[in-house]
Amino acid sequence: MIPDMILFILLAIVAVTSALGMLLSRSAVYSALNLVLNFGTVAVLYLLLGAPFIALAQITVYAGAIMVLFLFVIMLLGVEQLRKGSALPWQQTLAIISGLLLLALTAYVIFIRPMTLPQVSPTQLGFGTPGAIGEILFNKYLLPFEVTSVLLLVAMIGAIVLTGKREPKTKT
Amino acid sequence: MSLNDLLVNLNLIMPITILTAWACVLLLVDLFIPKERKGITALLAALGLLVALALVISRAGVATSAFNGMIMIDGFATFMSVIFLFSGLAGIAVAYDYLIRSGIERGEYYVLLLFSIVGMMLMAAAADLIMVFLALELLSIPLYVLAGIAVPRPDSEEAALKYFLLGAFASGFFLYGTALVYGATGSTALTEIVSATTSGGVNLSFLVIGAGLILVGLGFKVAVVPFHMWTPDVYQGAPSSVTAFMAVGAKAAGFAALLRIFVLAFPPLAMDLTPVLWALAAFTMIIGNVIAIAQRNIKRMLAYSSIAHAGYIMMALVPYGQGNVAADTVASALFYLLAYMLTSFAAWAVVIALEHNMGEGRDTDGLSLEDYSGLGQKQPALAAAMTVAMLSFIGIPPTLGFVGKFYLLRTVIEGGFPGLALIGLLTSLVSAYYYLRVVVYMYMRDGEPVVRREPWLYFTALATAVGVVVLSIFSEPLFNWASQAVLKLI
Numbered sequence: 001m002i003p004d005m006i007l008f009i010l011l012a013i014v015a016v017t018s019a020l021g022m023l024l025s026r027s028a029v030y031s032a033l034n035l036v037l038n039f040g041t042v043a044v045l046y047l048l049l050g051a052p053f054i055a056l057a058q059i060t061v062y063a064g065a066i067m068v069l070f071l072f073v074i075m076l077l078g079v080e081q082l083r084k085g086s087a088l089p090w091q092q093t094l095a096i097i098s099g100l101l102l103l104a105l106t107a108y109v110i111f112i113r114p115m116t117l118p119q120v121s122p123t124q125l126g127f128g129t130p131g132a133i134g135e136i137l138f139n140k141y142l143l144p145f146e147v148t149s150v151l152l153l154v155a156m157i158g159a160i161v162l163t164g165k166r167e168p169k170t171k172t
Numbered sequence: 001m002s003l004n005d006l007l008v009n010l011n012l013i014m015p016i017t018i019l020t021a022w023a024c025v026l027l028l029v030d031l032f033i034p035k036e037r038k039g040i041t042a043l044l045a046a047l048g049l050l051v052a053l054a055l056v057i058s059r060a061g062v063a064t065s066a067f068n069g070m071i072m073i074d075g076f077a078t079f080m081s082v083i084f085l086f087s088g089l090a091g092i093a094v095a096y097d098y099l100i101r102s103g104i105e106r107g108e109y110y111v112l113l114l115f116s117i118v119g120m121m122l123m124a125a126a127a128d129l130i131m132v133f134l135a136l137e138l139l140s141i142p143l144y145v146l147a148g149i150a151v152p153r154p155d156s157e158e159a160a161l162k163y164f165l166l167g168a169f170a171s172g173f174f175l176y177g178t179a180l181v182y183g184a185t186g187s188t189a190l191t192e193i194v195s196a197t198t199s200g201g202v203n204l205s206f207l208v209i210g211a212g213l214i215l216v217g218l219g220f221k222v223a224v225v226p227f228h229m230w231t232p233d234v235y236q237g238a239p240s241s242v243t244a245f246m247a248v249g250a251k252a253a254g255f256a257a258l259l260r261i262f263v264l265a266f267p268p269l270a271m272d273l274t275p276v277l278w279a280l281a282a283f284t285m286i287i288g289n290v291i292a293i294a295q296r297n298i299k300r301m302l303a304y305s306s307i308a309h310a311g312y313i314m315m316a317l318v319p320y321g322q323g324n325v326a327a328d329t330v331a332s333a334l335f336y337l338l339a340y341m342l343t344s345f346a347a348w349a350v351v352i353a354l355e356h357n358m359g360e361g362r363d364t365d366g367l368s369l370e371d372y373s374g375l376g377q378k379q380p381a382l383a384a385a386m387t388v389a390m391l392s393f394i395g396i397p398p399t400l401g402f403v404g405k406f407y408l409l410r411t412v413i414e415g416g417f418p419g420l421a422l423i424g425l426l427t428s429l430v431s432a433y434y435y436l437r438v439v440v441y442m443y444m445r446d447g448e449p450v451v452r453r454e455p456w457l458y459f460t461a462l463a464t465a466v467g468v469v470v471l472s473i474f475s476e477p478l479f480n481w482a483s484q485a486v487l488k489l490i
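For the record, the sequence lines run as chains S and W. In terms of my numbering, the first sequence opens at residue 1 and continues consecutively. In terms of my numbering, the second sequence opens at residue 1 and continues consecutively.
Just so you know, these hints were derived from the structure itself, not from any lab. Computed from a predicted model, the values in this text were never measured in an experiment. Here a beta-carbon is modelled for each residue, glycine too, at the ideal position from N, C-alpha and C.
Pulled from the structure, derived: some chain S residues nowhere near chain W, Cβ distances all over 12 Å:
id	residue
1	I9
2	I13
3	L23
4	V44
5	L49
6	G64
7	P89
8	Q92
9	G126
10	G128
11	P130
12	G131
Which residues of chain W face chain S? A few of them, derived with a C-beta cut under 8 Å, are:
id	residue
13	T20
14	F67
15	N68
16	M70
17	R106
18	E108
19	V111
20	L112
21	L122
22	E137
23	P142
24	Y144
25	V145
26	G148
27	I149
Could you put the whole structure together from the sequences, leaning on the hints where they help?
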């Protein structure tokens, strides 16, 4: 338990710091890189909780593919630097108030009324492993899985149709 | 699932399998078809639809489930599939010449149309909320793209963007509802939802909120008030051939999902949901019909008319929870969707025949009511088709629209909602004003309407108009077929 606890505290510190760094940094690229760090630490937290599939998906999909996309967009659009001052002046106060409210609510449920939380049943052995997910994906949910791939194909065709090159129009 | 199981299951949904594969193949074949001969792609797409139609009809008696209960193949799915495939065929027929003359012809148009129909057929057969969601997306995404296929024309872009944003929003509602239903019952399969509900121990408030959110999500798709805001702009901005297909296909698919989900999974919630459905139906009929009166643009008018008709069909859904009326609910809704499909295509084919591009020496686009002046003398056949469509929309015999409305009202009265039936009747009377106005313009005003002589448009307009009249004479067996479709559902 103790090594787990130490690991958790270390990871939590890194995760929170990187999340803060992402929010507070004025450079979009730094923000994006902080987000990568955050994704990575959260992935390790998932591993600690016994959810290897989500951990791997977090790394490959979020820290990998989506972050590359983010960086591409940031660099292509050339908006690396944020302007000084915030665009919505009331936003900060509102954010602090609602953040504190959320924190108070969570604290209330966890420390004052822990009994109202539903009992979590212990997970079975092998729950959430890539093998178990593959098993269910290719048996019970085979058709939705396949339809999803058709859906992606259609979305791709659509993107190409709407953005592809057109010949000069014949008539209007 | 072993390979053998997979093949067995794919065989069970053969029409859908074939259509999907055909759409993929067509995408490749289209690359080798030269630019001036995209008609071949249209023809091949229609061929695929015909094959699927033949398969659907040849398996009409089958009632089974496939893919571990994700799909239900039954009379209901068969009936709806026939509607979807016919609207696909009509959608291609009205599109072919229109696309050429508008300068937006591309092979992908037909491929996307096929994929959309695959989504609709899956929607009618889906027996699991996850499948319903995926089918909803599969039918919608091609429609978003098709609505914007005339880019860089601004109104087409606007239509695509509006439809996409509101559609994505609606999908969010649907998913949130699904999540709540899953949270309450522990399952997304329709049959398990109802068994979990009746066996008790279910958080009913979660379930009702979930069902309500699902209703909102699908309500956007079928355009019932107050989720109709996008309809006039999208119907007007999208290329007319897309609008014609969208007005029928998307609406029918949305109602297929509503009927299947409500009648199968939510009868125990009827106490809570019936008043909501009542209000939706009433407001949709009133607002749709009243705003349509003010429209001078024929596409906008038909858009509001389609909203009003969503209200009529919604009316049949109100008594869905009463065991003995539920069969009539589904049967009359199916029948009305068939009537609506034929009527709608007759009207839209005429609209497309009269539409022309601005410029070219004319200062109108052929879409305002004035452009229909004199059509009765110049093009008696088209004017007759339009007249039949308008009469059918109002519900005047001898048209399919009349028979359809009769069955709808009968269902509502059987269910014990005479007030709603009265609203339906009165709003139909109101609608006569703006539908007959088109007829008045066509026959009693002089004018020089500009009409295209395009064989497929003529054929669609006349064939559907004749169908509206002739089928109304044989409506009894047709309604019995719809009723049988239902027996297996319940």
